[in-house]
Amino acid sequence: MTDLIEQRFVSRRRPEGVETRPMGWWGMLLAVAVLATVYAALYFTYVYIRVSSVHWPPEGIDPPALGLAAGSALALAASALPIHLALQAERARALIGYRLALTAALALGGLHGALLILDWTRVPFGVDEHAYGSLYFVLPGFHLTIAGIGLLIGLTLLALSWHEEATAMLHIGTRSLALYWYITAFGGVALLGVVYLIPHVWRVAISPAGAGP
Amino acid sequence: MSATQPQATSTDLERVWASPPTLQGWLGMVNHKAIGKRFLATGLVFFLLGGLFALLARLQLAYPQLEILDAQAYNEVFTMHGVTMAFLFIVPVLEGFAIFILPLMVGTRDLPYPRLTAFGYWVYLMAGVFLFASFLVEVPDGGWYAYVPFTGPDFSPGFGMDFWLLGVTFLEISAIAAGIEIIALLVKNRAPGMTISRMPLFGWAMLVTGFIILFAFPTLIVGSILLEIDRKVGTVFYNPEVGGSAILWQHMFWWFGHPDVYIWLLPGIGAVSMIISTFARTPLVGYTWVVATTIVIGVLSFGVWVHHMFTVGLPLLTISFFGGASLVFAVASGIQVFAWIATLWRGTIVWSTPMLFSIGAVVTFIIGGLSGVTLGVVPFNWLAHDTYYVVAHFHYVVIGGTVLPMFAAAYYWWPKLTGRMLDERLGKWNFWIAIVGLHLTFLPQHIVGFLGMPRRVYTFLPGLGWEPYNLASTVGVLISAVGVLLFVFAAIKSRWAPLAPPDPWGAGTLEWSTDSPVPNANFERLPIVHSRYPLWEQPSLEEGPEDWARRLDTLTQPGHRMREVVTTSEIDGDLQTIITLPQQSQWPWLTSLMITLALVGVLFDAYWLALAGVVATVVCALGWAWPGRDYDPIDER
Chain A
25 MTDLIEQRFV SRRRPEGVET RPMGWWGMLL AVAVLATVYA ALYFTYVYIR
75 VSSVHWPPEG IDPPALGLAA GSALALAASA LPIHLALQAE RARALIGYRL
125 ALTAALALGG LHGALLILDW TRVPFGVDEH AYGSLYFVLP GFHLTIAGIG
175 LLIGLTLLAL SWHEEATAML HIGTRSLALY WYITAFGGVA LLGVVYLIPH
225 VWRVAISPAG AGP
Chain B
914 MSATQPQATS TDLERVWASP PTLQGWLGMV NHKAIGKRFL ATGLVFFLLG
964 GLFALLARLQ LAYPQLEILD AQAYNEVFTM HGVTMAFLFI VPVLEGFAIF
1014 ILPLMVGTRD LPYPRLTAFG YWVYLMAGVF LFASFLVEVP DGGWYAYVPF
1064 TGPDFSPGFG MDFWLLGVTF LEISAIAAGI EIIALLVKNR APGMTISRMP
1114 LFGWAMLVTG FIILFAFPTL IVGSILLEID RKVGTVFYNP EVGGSAILWQ
1164 HMFWWFGHPD VYIWLLPGIG AVSMIISTFA RTPLVGYTWV VATTIVIGVL
1214 SFGVWVHHMF TVGLPLLTIS FFGGASLVFA VASGIQVFAW IATLWRGTIV
1264 WSTPMLFSIG AVVTFIIGGL SGVTLGVVPF NWLAHDTYYV VAHFHYVVIG
1314 GTVLPMFAAA YYWWPKLTGR MLDERLGKWN FWIAIVGLHL TFLPQHIVGF
1364 LGMPRRVYTF LPGLGWEPYN LASTVGVLIS AVGVLLFVFA AIKSRWAPLA
1414 PPDPWGAGTL EWSTDSPVPN ANFERLPIVH SRYPLWEQPS LEEGPEDWAR
1464 RLDTLTQPGH RMREVVTTSE IDGDLQTIIT LPQQSQWPWL TSLMITLALV
1514 GVLFDAYWLA LAGVVATVVC ALGWAWPGRD YDPIDER
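Same order as they appear, the protein sequences are chains A and B. If you number the first sequence the way the numbering used here does, the last residue is 237 and the count never jumps. If you number the second sequence the way the numbering used here does, the last residue is 1550 and the count never jumps.
Don't take each hint at face value.
Unchecked claim - Interface residues of chain B toward chain A, partial, derived using beta-carbon atoms under 8 Å:
no.	residue
1	Tyr1026
2	Ile1096
3	Ala1097
4	Val1100
5	Lys1101
6	Val1135
7	Val1149
8	Gly1157
9	His1164
10	Thr1480
11	Ile1484
12	Gln1499
13	Leu1535
14	Pro1546
FYI, nobody ran anything at the bench for these hints, they're computed from the structure. Each residue gets a CB set at the ideal place from its N, CA and C atoms; glycine is no exception.
Hey, can you work out the whole structure from these sequences and the hints?
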C-alpha cells in the first residue's frame, strides 16, 4: 500500500501543461449518449401515440394540472446548479462546500420525485385504462428510475467524500455524476413538458389519423 | 530510456498482468484476451445451437406436409434460431473479436474499463442461459422481431415472450457495455503516434459500430420494457383498442433492427479489408474512401428503418423517401467493394484460408447487396414482401457480411487467439464445403420466393412447384453443417499444432508485433507508431520523441504492482497521461447474477425476489464503485 501512496502525484503520469479528462468521464459521456437515446425514444413514444389519436386527452378527461409538475420540473432544473457548484468545490478540494452542494442537489432531486409522485395520486385514471394513462405514469416513471440511479451515485459520492484516500475516485465520480445529472435534468424537464403540456396545447388532431378513444 | 532505472524483465510485467490460477481468479478475470476468448467460445456454442434449430426447420420443410415439427414447435424453433443467431451469436462474437484483438491492434495492454468488459461477458452468458431456460418452461414463439399484437398479453399470454423480452433487454446491456469500451479505447488508448488516420480499418469499423450500438440498442430496450409492462402490469401502449399502437412496436424494433444489421456488417467489412490487404501484400487502396463510406453507412443506417415496413400502410411519400435512402447504401458499399478489387488488382495474392473466406464473403455480399437493391424499390418490395425472396436476401447479406468474415477472422487471428495455427488444408476444405452448402441453401430460396412461397410457414402443399427448391435448401444446410463441423474439428486439432511465430502471415499491423500466444501484458514495451502499417513501414517500434520513449519505459519497470496504460490525444495520438487499470474483481459476475435474480423474479411474478435482486444489485454496484483491492485509482491531477 505504501508504494501505491508514494506513487500518487508523480509527474511521469501527467507532464505539466497536459490537460485531459479522466477515462471515467469519457465512459460517462458515452453512457449519456445512451441515456439521450432513451429519452428520445420516450418522446417518440408519446408523440407517436398522440398523433395516432383524435382526442387528447381522451374524452371525459381533463388536461393535467400543471402546478405540481411545474414545481417538480423547477426543482429538477434547479438541482443542476448545486451539481455545478459541487464540481467546482471538488476541483478546489473544498470538501465542506462539496458536501453542502451535493446535499442540496440530492435534496432537490428528491423533491422533484416526491412532487411527481404526489401528482400521480391525484389523477382519476390508472395505467391500464387507455394509452394516455399508460403514458402519463410510465414515461415519467422511466425518467424517475434514471434519476434514482443519479441519486444513488450522488449518495455514494457523498459517503466517499469522508474517505481520505479516495480523492481520485471522488474526482472521477463527481465529473461523471455531473454529466449524468445534466442529461437527466434536461431530459426529465423536456419529458415533463411533453407529458404535461401536449394535452393542453395539442388537444385536437391535425388530421384524423386513426382511431383513438 | 531512463538510465537511472532498471528495465523490467518480462516476468515482472507478466506477473502484474496475470490472473491467479484459482477459481476466484477465474471468476474475477478482467483481462481483455480472456474475456474476448470467453465471448468467442460461448458464441460458438450458441452458433451450433442456432444452427441446430435451422437444421430442424429445414428438415421440416424438405418435403411438403412433413410432420417432423408441428406448427407450434416450428414457430418455437424458428424464433429461437433467429434470437440465437441475431442476439446470442453474431453481436457477441463480433464483440469478442473486437475485445480480443483491438487493444493489440492499437498497441495497448487492455481495454479502458476492464471490469465493464467482464461484466459484459457475464451479462451475455447469464442472459443466454436465461433465454435457453425457456425450454424448461415455455419457448418464445413470436419470431426474433416479436411483432405485436401477436406477442402482446392477449395472443401470447404464457411465459414464452416474457423470456424473450426480459432476456433480450438484459442482453442489450452487454452490447452497450462493449460499445462504450470499444469507443473509449479507440478514442483515448491508441498507441502514441497512432493518429486517427493511421488507425487500422478494423478499428474504424468497430468505432462506427460502437456508435451505432449506443444509438440503436436503447430504443429496443425502451420498446421491450413497454411491451413487458403491457404484459405484466396491464398498460396498453401497443393496444389499438384503447389508444395504443401496434405499429409503434415496429418503429421501435426497426429503429434498432436496421442499424443492427450494420452492427453485424461493419466489423466484417473491417476484418475483410485487413485480410485482403495482408494477403494481397499491399496497403488497402482507398483507405480514406473506405473510412468515409463506413461512417456514411453508420449514419445512414438510422435513416432506412421504414424499408422493413413498406407494407404496413404508411404514406406513399414516406416510403418513397425511405426507398430512395435505402438505395444510397449500394453506392457506399460499391465504393468499398471497388477498393477491395483494386487492392487485389495491385497486389500479389496469397490464397490462404482467411483470404478464401474473405473473397467468398465479398462475392456472397455482392449477391445479397444486389437483391437488396431490388427490395429497396418499393413496388417490387410489395410483391416480394414476406416471401422466401426476402429470406434469401438477408441470409446472403448476413452470411456474406458477417458469417464468412467471422470464419476469415478466426483463421486469420487464430495464432493470436491460441498461439497456434489452424490447419490450412482443413481450412480450404472447410471453405469450399461451407460455400457450396450456403449457396445451395439460399440461392433456390430466391426462386421459390418468386414462385410465391411465403416465409414463416411450417409446411406447404404439394404441386405448387416449390418442392425441388426446398429440398435443395435442406441439402444445402446439411452440407453447410459439415463445413461448420470441419471448423470445430480444425479448432480442436490445432491444440496439437506447433506454436506459431509472432507474424505468420507477414501482416503489417501491431497485433503481429507481439508473441503468439500473446503475453499477459500484450507488449513488453508499448509501441510508437508512425504509419498505417508499422510492421511494413517502420524499422523500429521504439523510436519517437525522447519524452515519449522515456515515459513508456517507466511502464515496464519492476516494482509496479499496478496495471498501467497510456492515454493519447483523440486525433493526433500524442502521448498524454499514464493511468492505472483495475485488477481482478468479483463484482462484475456478482452484479450480473443479482440482475438475473431480479429478472427471474419479474418473470414469475415473484416481486419479492425481484426487489431482493434489485437491492443486491445496488449493493454490488456500491462495492464495485468503492475504492478497494481491485481498483484504487491514482489521482492524476
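Each hint, compared with the structure:
A hinted interface residue such as Tyr1026 (chain B) counts as satisfied when its beta carbon comes closer than 8 Å to some beta carbon of chain A; here the least separation is about 6 Å, so the hint holds. The criterion of a C-beta within 8 Å of any C-beta in chain A is met by Ile1096 (chain B), whose closest approach is roughly 6 Å, and the hint holds. At about 5 Å, the closest approach between the beta carbon of Ala1097 (chain B) and any beta carbon in chain A falls short of 8 Å, and the interface hint on this residue holds. Satisfaction of the interface hint for Val1100 (chain B) is found here, the shortest Cβ-Cβ separation to chain A being roughly 7 Å, below the 8 Å cut-off.
Using the Cβ-Cβ criterion of 8 Å, the hint placing Lys1101 (chain B) at the interface with chain A is satisfied: the shortest such distance is roughly 6 Å. Because the beta carbon of Val1135 (chain B) sits about 4 Å from the nearest beta carbon in chain A, less than 8 Å, this interface hint is met. About 5 Å separates the beta-carbon of Val1149 (chain B) from the nearest beta-carbon of chain A, less than 8 Å, and the hint is met. At about 4 Å, the closest approach between the beta carbon of Gly1157 (chain B) and any beta carbon in chain A falls short of 8 Å, and the interface hint on this residue holds.
For His1164 (chain B), the interface hint holds, since its Cβ comes within 8 Å of a Cβ in chain A; the closest pair sits about 7 Å apart. For the restraint placing Thr1480 (chain B) at the interface with chain A, the shortest Cβ-Cβ distance is roughly 6 Å, inside the 8 Å limit, so the hint holds. Taking 8 Å as the C-beta contact cut-off toward chain A, the hint placing Ile1484 (chain B) at the interface is violated, the least distance being around 13 Å. At about 18 Å, the closest approach between the beta carbon of Gln1499 (chain B) and any beta carbon in chain A exceeds 8 Å, and the interface hint on this residue is violated.
Look at Leu1535 (chain B): its Cβ gets to within about 6 Å of chain A, closer than 8 Å, so that hint holds up. Interface restraint check: Pro1546 (chain B) against chain A, minimum CB-CB distance 4 Å, threshold 8 Å, status holds.
Going down the numbered hints, you'll see the structure goes against 11, 12, while the others check out.
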